[in-house]
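All chains should be built: construct the whole structure from the sequences, respecting the hints.
Residues per chain are reported as follows:
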Amino acid sequence: MEIQHHHTDCNRPLADGSLVACLDCDLLQRIPEVPPGASVRCPRCDKELWRHKPDSLNRTFALTLAALVLYLIANTVPMLGIHAAGREAFTTVVGGARQLWLDGQQIVSVLVLFAAVISPALQIGFLLLIVIGCQWERPPAWVGLFLRHLHFTRTWSMIEVMLLGVLVALTKIADYATVILGTALFALFALVVLLAAIQSTFDPREVWQRVRWAEPEAEISQVENAEVKS
Amino acid sequence: MEHGLQSCHGCGLLSRPAPGAHEGRCPRCDEKLEFRKAASLERTMAYLIAAAVCYVPANLLPVMTTNTAGGSESDTIMQGVVLLWSPTGWPLSLIVLFASIMIPSAKIVALLYLVFTVKRGSIQNNAQRVRLYRMVEIVGRWSMVDVFVDTFTVSLIQLQPLMSVEPGPGLLFFAAVVVLTMLAVESFDPRLIWDAAAAKETKHEVQHA
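From first to last, the protein sequence lines are chains A and B.
Residue numbering for the first sequence follows our numbering, starting at 91 and increasing by one per position.
Residue numbering for the second sequence follows our numbering, starting at 25 and increasing by one per position.
Quick partial rundown of chain A residues pointing at chain B, CB under 7 Å, derived from the structure:
hint : residue
1    : 115
2    : 135
3    : 172
4    : 175
5    : 186
6    : 193
7    : 256
8    : 261
9    : 304
Heads up, simulated SDA-like pairs for lysine to any residue below, C-alpha to C-alpha not over 25 Å straight-line:
hint : chain 1 : residue 1 : chain 2 : residue 2
10   : B       : 56        : A       : 108
11   : A       : 137       : B       : 139
12   : B       : 61        : A       : 117
13   : B       : 56        : A       : 102
14   : B       : 143       : B       : 130
15   : B       : 143       : B       : 226
16   : B       : 56        : A       : 244
17   : A       : 137       : B       : 216
18   : B       : 56        : A       : 246
19   : B       : 56        : A       : 232
20   : A       : 143       : A       : 119
21   : A       : 137       : B       : 58
22   : B       : 56        : A       : 119
23   : B       : 56        : A       : 245
24   : A       : 262       : B       : 92
25   : A       : 137       : A       : 290
26   : B       : 61        : A       : 139
27   : B       : 143       : B       : 225
28   : B       : 56        : A       : 230
29   : A       : 137       : B       : 38
30   : B       : 56        : A       : 228
31   : A       : 143       : A       : 291
32   : B       : 224       : B       : 151
33   : B       : 61        : B       : 73
34   : A       : 137       : B       : 211
35   : A       : 137       : A       : 121
36   : A       : 137       : B       : 166
37   : B       : 224       : B       : 146
Calculated directly from the structure, the hints in this document are not laboratory data.
Idealized CB from N, CA, C, for every residue including glycine.
As structure tokens, this is what we get:
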């Protein structure tokens, strides 16, 4: 049976939905169902294709809410201060980017803002929308849109790198002045831990298997194929 | 690819393009689909050349200038590493040396090696080459550390007229190296590593048939 599509550039799904090609080596294979906690790796290149994470969505929801609170704290209160020559000065993450801008390094300033403030915000926001959307039995197609772009926000979100940078900067500054650690610094440390925890609890495959397809007709045809097969 | 199927980078779904088509869209997540990342080797090389060009001023120009009552002093990245070296600061000094100088150059060399072996149609060490690619992908982001060091040093030390620190012209080039090498990694398609062996196998089967 040939299915008619409105959009001619849309690919047709395969009858067997568990068939995949490894994204690192293109080996065609079937992902088996494994117990929670176990992972499936590509036999040829050893890429992790799927890790079955138990209670993924509930845990991710809780961790992401906590991450949101910490993110808001980290970006509103002072992060670092110095005490020197009878004066005190404080800065936040945004304040660091602002000073670069004022000193004529606008491009680097925007990059710092993007990697340390904007990308983490997008990452947390996308995750929240995804888990909220998954409260439906069949999550709407926009959940897929956010999940598809989650990888980009993770690549450019560099809070852990920034913290290492802060540590080095503090060591340098400690030679000239007394350093004061602000509340935001501790919030950022906790945020890094939470983001790592989210990484190990969130299971994108579970969402992809439930989400409504961008092309509803293609989805129907896959269901029909599966029924014919069984 | 040899089965005429495309897998989605957004959601992992495997699907069949319309007859005769080389591009399509994923029916599940609407991502644009191709058999291989478009012009992967060319784009990777372009980013690498740009990164290598920026690498020179990034290391020669100062990234930071310290103004005190006694005058001003400019430091390059390497001078920053040396300044940090002390009985207590040496571990951090090593980290900065590693993240700012070794990683960017190792990344450029590793990607050049991957592009050239794919171009030559190498069928050896495929598993090691894909592992190298994944390592470059994971480690690369840590090069940004020096950008953040300079950002927070500059923003904290503003004690005019006693002492102030301002960013130097090298910082822009250094940040460019980090971003360009990250884009080079994103453009490279690791599946190309395996294509030469697959092509050889198909040719072999055709000869035997």
